[in-house]
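These protein sequence lines map, in sequence, to chains A and B.
Here the first sequence stands for residues 1 to 372, where the numbers follow our numbering.
Here the second sequence stands for residues 1001 to 1262, where the numbers follow our numbering.
Do not take every clue at face value.
Distance ranges between label pairs, derived from CB positions [said to hold, decoys possible]: (1) B:Leu1105 with A:Asp249: 36 to 46 Å; (2) B:Glu1109 with A:Arg149: 26 to 36 Å; (3) A:Gly342 with B:His1234: 48 to 58 Å; (4) B:Asp1119 with A:Arg149: 49 to 59 Å.
Residues from chain A that keep clear of chain B, each with C-beta distances beyond 10 Å, as calculated [what the hints assert, rightly or not]: (5) Gly43; (6) Ile46; (7) Ala72; (8) Asp124; (9) Gly221; (10) Pro317; (11) Gln333; (12) Ser338.
Hints listed in this document are in silico derivations from the structure and should not be mistaken for laboratory results.
Backbone N, C-alpha and C fix where the C-beta goes; we use that ideal spot for every residue, glycine too.
Residues per chain are reported as follows:
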Amino acid sequence: MTWIVATASAERLNLQLQGRWAVAHAGDIRAALAALPEPGTGGLHIDVSHAAAFDLAGAWLLDDWLRLSPQAALPVSFEGELPDGLRLVRDTLGAGNRADQEQDKEHPFNPVRLLGETTVERIDDLRAGVRFVGRVAVTFARACVSLRRLRPISIVRHVWDTGFTAVPIVALVAFLISIIIAYLSATQLRAFGADIFVVDLVTVGVLRELGVLLTAIMIAGRSGSAFAAEIGSMKLNEEIDALDASGVDSTEVLILPRIIGLTIALPLLTFIADIVGLAGGALLCHQLLDMPLQQFINRASSAIAPTTFWVGIWKAPVFAVLVAMSGCYRGLQVRGSSRELGRLTTMAVVQSIFLVLLADALFAVLFMEIDV
Amino acid sequence: MDSVMVNVQGIVNRFGSQLVHDGLDMQVQRGDVFGIVGGSGSGKSVLLRTILGLRRPQAGTVRLSGQDITTLNPVALRAAKASYGVTFQHGALFSALTVRENIQLPMLEHLRLPPDVLDGLAMLKLRLVGLPANAADKYPSQLSGGMIKRAALARALALDPPLLFLDEPTSGLDPISAAAFDDLIAYLQHELALTVVMITHDLDSIFRTCNRVGVIVERHMVVDDLARIVDHPHPWIQSYFHGVRGRRYAPPAPSTGVPHGT
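Modelling step: build the complete structure from the supplied sequences, incorporating the hints.
So this is what it looks like as structure tokens:
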């Protein structure tokens, strides 16, 4: 495809444009312009009348090329009138307009600067997090004065959404994890003839740690993300502003019911996970070790201390508060774009799982120190 | 070349038992600025979605430059969609992309262009719609309503389409910005020899930019030149152009000599 027919005559380079000078062929046209011979000192004469199309993109390509040296210094004439497209490009990008085309360039990569910026960002983030926790606490204290301000209907809805509808998946996960522990420990302990200790491992492991931990992680992925996404899209839609502007405390109607709802739901889910986990352990012991159910129960009741079950259950509300707070907090940080919504939802889940594990580690040390 | 840019014939759109369009016809000639007017719920947006090929009507044909887009296969439909530009009511800029990336997106999707050409063309389109160069690297959330409308227009013009659809281009703008936007549309329409189809409620926009107007009444469209349609006897059209808001555009009644509104 020929775009330009160039003929030299008496120091002057004649260019005849051909074909469709349209945006679809911009790359080829640019290449064709770059391949032109050096014009003589007599300048250029351009004829666009043979081009099948000469739209804005074509005009811009020609104009852009004419601004390059050495063409820029040469006289340029056109066959007939100055083409409309070229006139429009020049009007649009006129001399006055061209000056401010210089972009604010991003700062070049600088490790010290990056370190400083990241540090400041993290400190700000931490400070904002503390402020959020404070605001939730104050709002909670204020809302406690009347039942109506605690929004019981909203709380019930969140217990339903985060708790009841999560029962199947939580039960399934608890069942599978107890089977994994039982199976793994059975194959190891059988070598020592210590099969019976499988029961200890399953019951203590599920009741004390795994039941509550896995439930909290499931809920962080399920409800923490939902909180962040719900609140984030409300934020994008200016619904939060609308609430605050109408004198309704958005923390009170949106954040508190979610935190309270999850704080109620998670211990209940943990209880279910414990039951199903133990049932799974009993089933596997029966199948794998031919242990009668009665023997499992006897061994289990002697293996667990009275506190074992409550240690697990008491951790649940703490985890619930961490998950719900992370979700709501990140949701409230959404600003401007749908990409932010995705980024902060991801961050909410990652952060809540991290906080749950951190809290669990602290609990482990604490419970060992106070010997329960 | 075919002088009819948009040819809609016998469109029927139905949602369940609700009939929105019942054999609607509409023709837009090359170079027209065609205003689509109608009451809320009269199916202006449904009509636009049908013309854009985003919705298949229950019956009827939509020809864009002679091609019936209601029967095109997905590949051909994609090519047909590159032949028009469209702006949506709220701008619909991609919020995760900068203005520059928004303008470049159609070019990246449909063409293979070197990066410096992409940048240069994006900047040209940006300046063409009257945005400052430093808007290029801003995100839509950092722009004012008027700038969003302009950036959306720049994106619609990315592929230099001959046909432009505008959905409520001046809604949400203050009267001065709206007037400036009308002037911009008129300027671009003239300079780029565009055919423009716009949905609007704004009488100022209609009188400033349109030469043809189609009014959707009773599931059909009444089309005429702007000067003539104001005298159409249909009561909705009468109250639209001669109601409280339209009164200032009405010519003095010739027979009695008493001006409207006194």
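Results for each hint:
1. In this structure the supplied range 36 to 46 Å holds for B:Leu1105 paired with A:Asp249, their Cβ-Cβ distance being about 41 Å.
2. For the hinted restraint 26 to 36 Å between B:Glu1109 and A:Arg149, the CB-CB distance of approximately 52 Å leaves it violated.
3. Distance hint check for A:Gly342 and B:His1234: the Cβ-Cβ separation is about 49 Å, which falls inside the suggested range of 48 to 58 Å.
4. One distance hint, 49 to 59 Å for the beta-carbon pair B:Asp1119 and A:Arg149, holds here, with the actual separation near 55 Å.
5. Look at A:Gly43: its CB is around 24 Å from the nearest CB on chain B, clear of 10 Å, so calling it non-interface holds up.
6. A:Ile46, annotated as away from the interface, keeps every beta carbon of chain B farther than 10 Å; the closest lies near 19 Å.
7. Distance check for A:Ala72 against chain B: the nearest CB is about 16 Å away, which clears 10 Å, and the non-interface claim stands.
8. Even its closest Cβ contact with chain B, about 20 Å, leaves A:Asp124 beyond 10 Å, as expected for a residue assigned away from the interface.
9. The non-interface label for A:Gly221 is consistent with chain B: the shortest C-beta to C-beta separation is roughly 23 Å, beyond 10 Å.
10. In this structure A:Pro317 is separated from chain B by more than 10 Å, as the shortest Cβ-Cβ distance comes to about 37 Å.
11. For A:Gln333, the condition that its CB be more than 10 Å from all CB atoms of chain B holds, with the nearest at approximately 14 Å.
12. For A:Ser338, the shortest C-beta to C-beta distance to chain B comes to about 5 Å, within the 10 Å cut-off, and the non-interface label is violated.
Going down the numbered hints, you'll see the structure goes against 2 and 12, while the others check out.
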